[in-house]
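Q: Protein chains in written order, with my numbering: chain A, 5 to 389; chain B, 946 to 1236.
Calculated directly from the structure, the hints in this document are not laboratory data. Wrong hints could be hidden among the right ones.
[Stated by the list, open to error] Derived BS3-like pairs: lysine-lysine, alpha-carbon spacing no greater than 30 Å straight-line:
id: 1; chain 1: A; residue 1: K64; chain 2: A; residue 2: K36
id: 2; chain 1: B; residue 1: K1061; chain 2: A; residue 2: K64
id: 3; chain 1: B; residue 1: K1061; chain 2: A; residue 2: K303
id: 4; chain 1: A; residue 1: K36; chain 2: A; residue 2: K303
id: 5; chain 1: A; residue 1: K56; chain 2: B; residue 2: K1061
id: 6; chain 1: A; residue 1: K144; chain 2: A; residue 2: K313
id: 7; chain 1: A; residue 1: K165; chain 2: A; residue 2: K386
id: 8; chain 1: A; residue 1: K144; chain 2: A; residue 2: K386
id: 9; chain 1: A; residue 1: K165; chain 2: A; residue 2: K296
id: 10; chain 1: B; residue 1: K1120; chain 2: B; residue 2: K1061
id: 11; chain 1: A; residue 1: K144; chain 2: A; residue 2: K36
id: 12; chain 1: B; residue 1: K1061; chain 2: A; residue 2: K386
id: 13; chain 1: A; residue 1: K144; chain 2: A; residue 2: K56
id: 14; chain 1: A; residue 1: K313; chain 2: A; residue 2: K56
id: 15; chain 1: A; residue 1: K313; chain 2: B; residue 2: K1061
[As the list claims (entries may be wrong)] Here chain A is said to cover these stretches of chain B; the calculated rule only asks that three of the stretch's residues, wherever they fall, bring their Cβ under 8 Å from a Cβ of chain A:
id: 16; segment: 948–956
id: 17; segment: 1125–1139
id: 18; segment: 1149–1160
id: 19; segment: 1217–1226
Given the structure is predicted, the values throughout are model-derived calculations rather than measurements. Built from N, CA and C at the ideal position, the CB exists for glycine as well.
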Amino acid sequence: MFKTVIRRAGKCAAVAAAGLMMMSAQAAEPIKIGSFLSVTGPASFLGDPELKTLEMYVEKINEEGGVLGRQLELIHYDDVGNASSARNFASRLIRSDQVDIIVGGSTTGATMAAVPLVEQAQVPFISLAGAVVITNPVKKWVFKTPQTDRMAAERILADMKDRGITKFGLISGTGGFGSSGRTQTLEVAEQMGMEVVADETYSGSDTDMTAQLTNIRNTNGVEAVLNFGFGQGPAIVTRNYAQLGMELPFYQSHGVASDSFLELAGSSAEGLRLPASPLLVPDSLPNDDPQKEVVQNYKAEYEARWDSKVSTFGAYAYDGLMLAVRAMEEAGSTDPEAVRNALENIKGYVGVTGVFNMSPEDHNGLDPESFRILEVQNGEWKLID
Amino acid sequence: MLAEFLQYLFTGITIGATYALIALGFTLIYNASHVINFAQGEFLMIGGMATVSLTAMGVPMILAVVLAVILAGILGVALQRFAIAPAKQADVVTLIIITIGASIFIRGIAQVVWGKEYHVMQNFSTDQPIQVFGAVLNSQSLWVLGIGAILVVGLVLFFTKTLIGKAILATSMNKEAARLVGIRTQMVLMLAFMVSALLGSVAGIVVAPITFTSYDIGIILGLKGFVAAAIGGLGSGVGAVVGGLSLGIVEAMAAGYISSDYKDAVAFSMILLVLFFMPRGLFGAKVVERV
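Chain B on its own, in the form it takes in the complex:
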């Protein structure tokens, strides 16, 4: 009984942590620009695929990971510079559509470069699962949780302790005012895309041993991450983490206790309920209409 529960919980938390990391990426860019970056899933894919192909070429794992993350970072900057920035004063909706276009473009390139097959990445440590009260935990899950926690703490410190982080926050609160006090908002936007890309690629790399990776893995995970961000309230860091974890756990519990057929239905009903009663999400900012 307990073993079953724990098993579902472990499953849920691992997937949930992944959703949370992706949701954080959405949150970051949303905060800086009110744009929902639908290319977020592609950063994930770039991280995983680049690491796999680099290790296949004989590059040591650690170096491959670093290079993959850097590649994703460059891509994030490029996305902002060449796709978002030229649109200048365009509507947020237009920008969102641009990110969808960009994601299709990136996916197309990845498909040409890396092919359409799924790829495996080795577990970071042992393949041997860990036994806890009769339930088993994939050792990679610990990596996902650990690295996820480190990233969350790192982000909090980045936003509260560093000048750049504060500049991003300032821009998200009031772009005009931020510009008046001398913050280069274009620069800030670029940074937000870069950090978000780094975050996404790291998430992509740590989950790749569990989910496999392929050129189109970003669609599925990106969408789930967006859902998590919406549950938590777009723009809230805590919300992204809570939203991600609860989505993962609800999915796993539904699959275990109700029926695997209704797993997604339960998850989506949860979203409907949350958004029905709390339209801004669990931790969404209160909007005060200025008159």
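Extracted from the complex, chain A is given alone in its bound form:
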């Protein structure tokens, strides 16, 4: 009995001492920003620009004096697009690196694998992945910067409606992005009173989608075609679409909103429309657009530093990092609870992706209008709406 009391007291003292040491060390210690990204592997086109963006802006913020008078330290791991290693790295970030906030998770799979861990450990987590499941239902510690695929579907279908289209064919990839996009499109179509008359899929490794497109073309009443997917698949769909001589209005998702897609699809992409970040058309934005300056600066700084084309995916990381910094500044500390509360109450943050208005019900904070509808004209993006 007596022994256990002593043992407990000893434990308490040890914990208290450790706590004190940590407190005194904290003032000089940098703020740790943890990240796990798909820098290599199949989703590297997401993770690579995201990491470059984080590295570059952490450096820049540190040169300008850091946050709350402390330097930032970026601790990052490469999950290779693999959900189980994402989970391992998230656990390492929380347990052994003891980061103050996590900004990462390139894919929905990687993000969702880490969600239970951050919820349990109570660490603020800003995800860079798209699917609607990440913030709906709202999870206390999880936020995200990209628009959801549901918003993309809403934006595309609204544009179709404006053109008088009510029946369309859908072709989607079977990967996480494509299948989630498909589900959302079907739901949104029903809500908006539109009809999906053909519903085809292709797998990420397919090299020819002519058969699926032929089926859509032969379906009665098709007025437009929407392709939801990312990677090289949509570029092949676009080429096959042109080869088949299909002339219905053609839509792609935000998953391929990049210049490299234009390169791959070539002249076949002429006339297609998609929802995209304003980052693709920084100079066509009207002067009174609040995002114009942010977008132009990010593009210029990224391209000057890395000598490669800026991508929308890197912008998600930019917004994630800036939101984290802003939340810590508003909280005045790196206390997880305070930072989380500050994040949840951020209003009117003008980012590259859109204007964020967070709330306890909305941990994404963007509206569908943050997507711009672009059309490919003469091999270039043209702002339509």
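Here the structure of chain A is known, so what remains is to put chain B in place on it, guided by the hints.
A: Same frame as chain A, but now just chain B:
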């Protein structure tokens, strides 16, 4: 109705021809060494990527193609010399694992050198598709089929008419006996890897305008090629061609007539069926147990 069928058929034959060319590469090395070379897909990738990057540097297309094929050939020889040969008398299984390692290594280098993006290659001739009874045929498909046919005929002649070809065949039948009659089996193995690399790279180049190319294109196509080779019966040239074409056509027909969701399932069920009833594949050699 006919137009639909033709469309699926064209799609299937084009992809199938690619699978067939890759399957032939597997067959060649399997014949010479009983090794399944899982780096076969990488030869494909080297062909496509080297051509794209050379043309981007301003080298004329034809020269770029020739250089890319030569590069792949050198790589094939190097693979045999530096990865397979040092393992000497190792098990076939060990050698197969070595080829998997080599393929990861080659892919890693390619990723560093050429980056991770997908690249486009221009069609060899016009971008304008050809109309046949209401179906459309990509002009590049004709190139794939034509060059595929030439390669197959060339291989048949190589194996039946040339001394080197016969030496490879002899080695595949009985390595010890071949060595006794003075065939340098190590040399033959090296040749088999080289020819297989050349074949793979040519396949990679002709399909690149259709599939695009990237550092990891070899994984997908290589695996499908292996499946085609297994259906046809590993080691049979005719089997590789038939296996490749039928796999491509079944995939396209399944996507068109059944559902694109079940496309791969149908293809894989076909493999299961074939291998269940004919464990050596459609044209596999009959194995006689020697006692």
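Q: Now tell me if each hint is right for this structure.
A: Hints, verified against the model:
1. A:K64 - A:K36: 15 Å, holds
2. B:K1061 - A:K64: 27 Å, holds
3. B:K1061 - A:K303: 21 Å, holds
4. A:K36 - A:K303: 26 Å, holds
5. A:K56 - B:K1061: 15 Å, holds
6. A:K144 - A:K313: 35 Å, violated
7. A:K165 - A:K386: 20 Å, holds
8. A:K144 - A:K386: 39 Å, violated
9. A:K165 - A:K296: Distance of about 28 Å is within 30 Å: holds.
10. B:K1120 - B:K1061: Judged against 30 Å, a Cα distance of about 41 Å means the pair is violated.
11. A:K144 - A:K36: 21 Å, holds
12. B:K1061 - A:K386: 27 Å, holds
13. A:K144 - A:K56: The hint holds at about 28 Å.
14. A:K313 - A:K56: 12 Å, holds
15. A:K313 - B:K1061: Within the cut-off at roughly 14 Å; holds.
16. 948–956: holds (count 5)
17. 1125–1139: violated (count 0)
18. 1149–1160: This one holds; 5 residues, not fewer than the three required, reach chain A with a Cβ under 8 Å.
19. 1217–1226: violated (count 0)
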